[in-house]
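Visitor: Residue numbers (UniProt numbering): 1 to 78.
These are calculated hints, taken from the structure and not from any lab test.
Certain hints may be false.
[As the list claims (entries may be wrong)] Quick list of the computed label-pair ranges, beta carbon to beta carbon:
| no. | residue 1 | residue 2 | range |
| --- | --- | --- | --- |
| 1 | W10 | K46 | 31 to 37 Å |
| 2 | Q28 | G49 | 22 to 28 Å |
| 3 | A30 | W63 | 19 to 25 Å |
| 4 | G42 | L18 | 37 to 43 Å |
| 5 | H8 | P34 | 20 to 26 Å |
| 6 | I3 | G56 | 30 to 36 Å |
| 7 | P34 | W63 | 19 to 25 Å |
| 8 | Y39 | Y69 | 22 to 28 Å |
| 9 | E75 | G5 | 26 to 32 Å |
| 10 | G74 | L35 | 22 to 28 Å |
| 11 | L2 | D72 | 37 to 43 Å |
| 12 | K62 | P4 | 38 to 44 Å |
| 13 | T43 | Y69 | 28 to 34 Å |
A quick note: this is a predicted structure, and the numbers were derived from the prediction, not measured.
By construction, the Cβ of each residue, glycine as well, lies at the ideal position given by its N, Cα and C atoms.
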Amino acid sequence: ELIPGRDHDWETLRATALKSGRVAECVQVAATDPLYILYTSGTTGKPKGVVRDNGGHMVALKWTMKNLYGVDPGEVYW
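The whole structure should be built from the sequences, with the hints applied where relevant.
Guide: Structure below.
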């Protein structure tokens with residue numbers, strides 16, 4: 001069950017956005033811009049966050065696609 005104010009239904013959000021006619025333009029980001037934060041309880045039980053930047057994520061993604069999935073440049077995974 002969705003909790004109002006916290007949970008959102010993707011299809012409802014998408015339909016609302018499409019009906020509005022508004023467009024979200026692409027923006028350029030730097031390799032050092034934060035992409036997401038991973039939280040862990042660590043060994044102390046206190047939450048800790050590690051910021052992953054765009055560049056680090058892309059390096060890991062490139063390595064993963066080649067070395068785990070065997071996908072080479074120019075190929076399509078799905």
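Visitor: If a hint holds in the structure, say so; if it does not, say that too.
Guide: Hints and how they fare:
For the hinted restraint 31 to 37 Å between W10 and K46, the CB-CB distance of approximately 32 Å keeps it satisfied. Checked against the hint of 22 to 28 Å, the C-beta distance between Q28 and G49 comes to roughly 25 Å, which is consistent with it. With their beta carbons about 20 Å apart, A30 and W63 fall inside the hinted range of 19 to 25 Å. A beta carbon spacing of about 42 Å between G42 and L18 agrees with the range 37 to 43 Å that was offered as a hint.
A C-beta distance of roughly 22 Å is found between H8 and P34, which places it inside the suggested range of 20 to 26 Å. Evaluation of the 30 to 36 Å hint for I3 and G56 yields a pass: the beta carbon distance comes to about 32 Å. At about 20 Å, the beta-carbon gap between P34 and W63 stays in the expected band of 19 to 25 Å. About 27 Å separates the C-beta atoms of Y39 and Y69, a value consistent with the hinted range of 22 to 28 Å.
Between E75 and G5 the beta carbons are some 42 Å apart, a value that contradicts the proposed interval 26 to 32 Å. Separation of G74 from L35 is about 25 Å and conforms to the stated range, judged on CB atoms against 22 to 28 Å. Checking the proposed 37 to 43 Å range against L2 and D72 shows it holds: the Cβ atoms sit about 41 Å from each other. Taken as a hint, the range 38 to 44 Å holds for the pair K62 and P4, whose Cβ atoms sit roughly 40 Å apart.
The hinted range of 28 to 34 Å is satisfied by T43 and Y69, whose Cβ atoms lie roughly 33 Å apart.
Hint check: a violation occurs at hint 9 only; the rest are consistent with the structure.
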